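Colleague: Could you put the whole structure together from the sequences, leaning on the hints where they help?
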Amino acid sequence: MNEFDVIALGLGIKPPWKIVGQILDTNVEPHQLKIRIKADRGAEFPCPVCGRMCKAHDFQEKTWRHLNFFQHHCYITASVPRTNCPEHGVKMVKVPWARKGTRFTMLFEQAAMVLVREMPIAAASRIIGIDDKALWRIVFHYVNKAMSRLDLGQVQGIGIDETASGRGHRYVTIFIDLDRAKRPVLFVTEGKGKETIEAFKDYLESHKGKASNIARVVCDMSKAFISGWIFHISAGEFCDAAQEALLSLQRQAVIVFSQAMGKNTTIARI
99 MNEFDVIALG
109 LGIKPPWKIV
119 GQILDTNVEP
129 HQLKIRIKAD
139 RGAEFPCPVC
149 GRMCKAHDFQ
159 EKTWRHLNFF
169 QHHCYITASV
179 PRTNCPEHGV
189 KMVKVPWARK
199 GTRFTMLFEQ
209 AAMVLVREMP
219 IAAASRIIGI
229 DDKALWRIVF
239 HYVNKAMSRL
249 DLGQVQGIGI
259 DETASGRGHR
269 YVTIFIDLDR
279 AKRPVLFVTE
289 GKGKETIEAF
299 KDYLESHKGK
309 ASNIARVVCD
319 MSKAFISGWI
329 FHISAGEFCD
339 AAQEALLSLQ
349 RQAVIVFSQA
359 MGKNTTIARI
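If you want my numbering, it's the 1-based position in the sequence shown plus 98.
Just so you know, these hints were derived from the structure itself, not from any lab. There's no promise every hint is true.
Here are the simulated lysine to aspartate or glutamate pairs, DMTMM-like style, with alpha carbons at most 25 Å apart [stated by the list, open to error]:
1) Lys116 <-> Asp103
2) Lys160 <-> Glu260
3) Lys132 <-> Asp230
4) Lys132 <-> Asp229
5) Lys280 <-> Asp259
6) Lys243 <-> Asp230
7) Lys308 <-> Asp277
8) Lys192 <-> Glu142
9) Lys306 <-> Asp259
10) Lys243 <-> Asp229
11) Lys308 <-> Glu260
12) Lys153 <-> Glu142
13) Lys116 <-> Glu185
14) Lys132 <-> Glu159
15) Lys306 <-> Glu296
16) Lys112 <-> Glu127
17) Lys132 <-> Asp156
18) Lys189 <-> Asp249
19) Lys243 <-> Asp300
20) Lys153 <-> Glu101
21) Lys198 <-> Glu142
22) Lys308 <-> Asp318
23) Lys280 <-> Asp300
24) Lys308 <-> Asp249
25) Lys160 <-> Asp249
26) Lys299 <-> Glu288
27) Lys306 <-> Asp277
28) Lys189 <-> Glu159
29) Lys136 <-> Glu159
Just so we're clear, the structure is a prediction, and the values are computed from it rather than from any experiment.
Modeller: So this is what it looks like as structure tokens:
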């Protein structure tokens, strides 16, 4: 086993891909390990649309940032084939180490996502050595991917609260699932008015949820929240629930008063 085999094993490189070169560039800071990968020229590759095996039409050189090699930055450069599918035309094939349209390997992005779970974006970007805009693009991709699989069909109770997000009366409103003990946050949006209720309703219904399923709402008595809920969710259900809550409160008050006075008091039907 030579040094190329060791690197290929670490990267998970398999035929028709192979490592054809590596060099440590010490003329830059930090030092850079540059790994070159090629595909066998005679190999066939699946069309990225239909999967039909096709010969390479041409090759384009691309470079990706990989996990550090010890303290050195590591880059992978490859001549990526483009297939000429009879049905879908010329398309660039998918490489096994990176997703389409990114400058980073999947292992690098995985490490980046682990960091951003534990610290602010600015701190994580300094540690891994990329600008914060690039890191935000990675975060947005995986967050959106996870959100696309989100199923809110079982949500029946929500809590709503707003908090300041910066100076100058800037707020965000947070919606949580009252029935979920771990990771209860469902939705966060800018603002604190009734438009946040509309935004949550759209989000809920785009993820298999139904506004009509919401039976419990916990929030402060903000007029914006109350009016937003009545307008965007269900005025009739809201009023029925409010009336029933008021009746229950009045009945409890009469009972407490009667016990305090030492008398039996008939609860009036309101």
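Colleague: Each hint should be assessed against the structure and marked as holding or not.
Modeller: Checked hints:
Annotation: proposed proximity of Lys116 to Asp103 holds, straight-line Cα distance about 9 Å (limit 25 Å). Taken as a hint, the Lys160 and Glu260 pair is broken in the structure, with Cα atoms around 45 Å apart against an allowance of 25 Å. Our distance criterion of 25 Å between C-alpha atoms is met by Lys132 and Asp230, whose separation comes to about 23 Å. With a C-alpha separation of about 20 Å, the suggested pair Lys132 and Asp229 falls inside the 25 Å cut-off, and the hint holds.
For the hint pairing Lys280 with Asp259, the CA-to-CA distance comes to about 18 Å; that is within 25 Å, so the pair holds. About 20 Å separates the Cα atoms of Lys243 and Asp230, which keeps this hinted pair within 25 Å; it holds. Restraint check for Lys308 and Asp277: satisfied, since their Cα atoms lie roughly 16 Å apart, inside the 25 Å limit. With a C-alpha separation of about 13 Å, the suggested pair Lys192 and Glu142 falls inside the 25 Å cut-off, and the hint holds.
The hinted pair formed by Lys306 and Asp259 meets the criterion: a straight-line CA distance of about 23 Å does not exceed 25 Å. Distance check on the hinted pair: Lys243 and Asp229 sit about 22 Å apart at the alpha-carbon level, within 25 Å; holds. For the given pair, Lys308 sits about 23 Å from Glu260 by alpha-carbon distance, which is consistent with the 25 Å threshold. A threshold of 25 Å between alpha carbons decides the hint, and for Lys153 with Glu142 the separation of about 5 Å falls inside it, so the pair holds.
As the CA atoms of Lys116 and Glu185 are separated by approximately 29 Å, the hinted pair breaks the 25 Å bound. Restraint check for Lys132 and Glu159: satisfied, since their Cα atoms lie roughly 14 Å apart, inside the 25 Å limit. A C-alpha spacing of about 16 Å is found between Lys306 and Glu296, which places the hinted pair at or below 25 Å, so the restraint holds. A threshold of 25 Å between alpha carbons decides the hint, and for Lys112 with Glu127 the separation of about 31 Å lies outside it, so the pair is violated.
With a C-alpha separation of about 23 Å, the suggested pairing of Lys132 with Asp156 holds against the 25 Å cut-off. A hinted pair counts as satisfied when its Cα atoms are at most 25 Å apart, and Lys189 with Asp249 does not qualify at roughly 33 Å. With a CA separation close to 18 Å, the supplied pair Lys243 and Asp300 stays within the 25 Å bound. Our distance criterion of 25 Å between C-alpha atoms is broken by Lys153 and Glu101, whose separation comes to about 30 Å.
Using a Cα cut-off of 25 Å, the hinted pair Lys198 and Glu142 holds, with the two alpha carbons roughly 19 Å apart. In summary, the hint linking Lys308 to Asp318 is supported, as the alpha carbons are separated by about 23 Å, within the 25 Å threshold. The straight-line distance between the Cα atoms of Lys280 and Asp300 is roughly 24 Å, inside the 25 Å bound, and the hint therefore holds. Only pairs whose Cα atoms come within 25 Å are accepted, and Lys308 paired with Asp249 is accepted, the gap being roughly 11 Å.
Of the pairs offered as hints, the one joining Lys160 and Asp249 is violated, with about 37 Å between alpha carbons and a cut-off of 25 Å exceeded. At most 25 Å may separate the alpha-carbon atoms for a hinted pair to count; Lys299 and Glu288 meet this at roughly 14 Å. Between Lys306 and Asp277 the CA atoms are separated by roughly 17 Å; this keeps the pair inside 25 Å, and the hint holds. The hinted pair formed by Lys189 and Glu159 meets the criterion: a straight-line CA distance of about 14 Å does not exceed 25 Å.
At roughly 10 Å between alpha-carbon atoms, Lys136 and Glu159 fall within 25 Å of each other, so this suggested pair holds.
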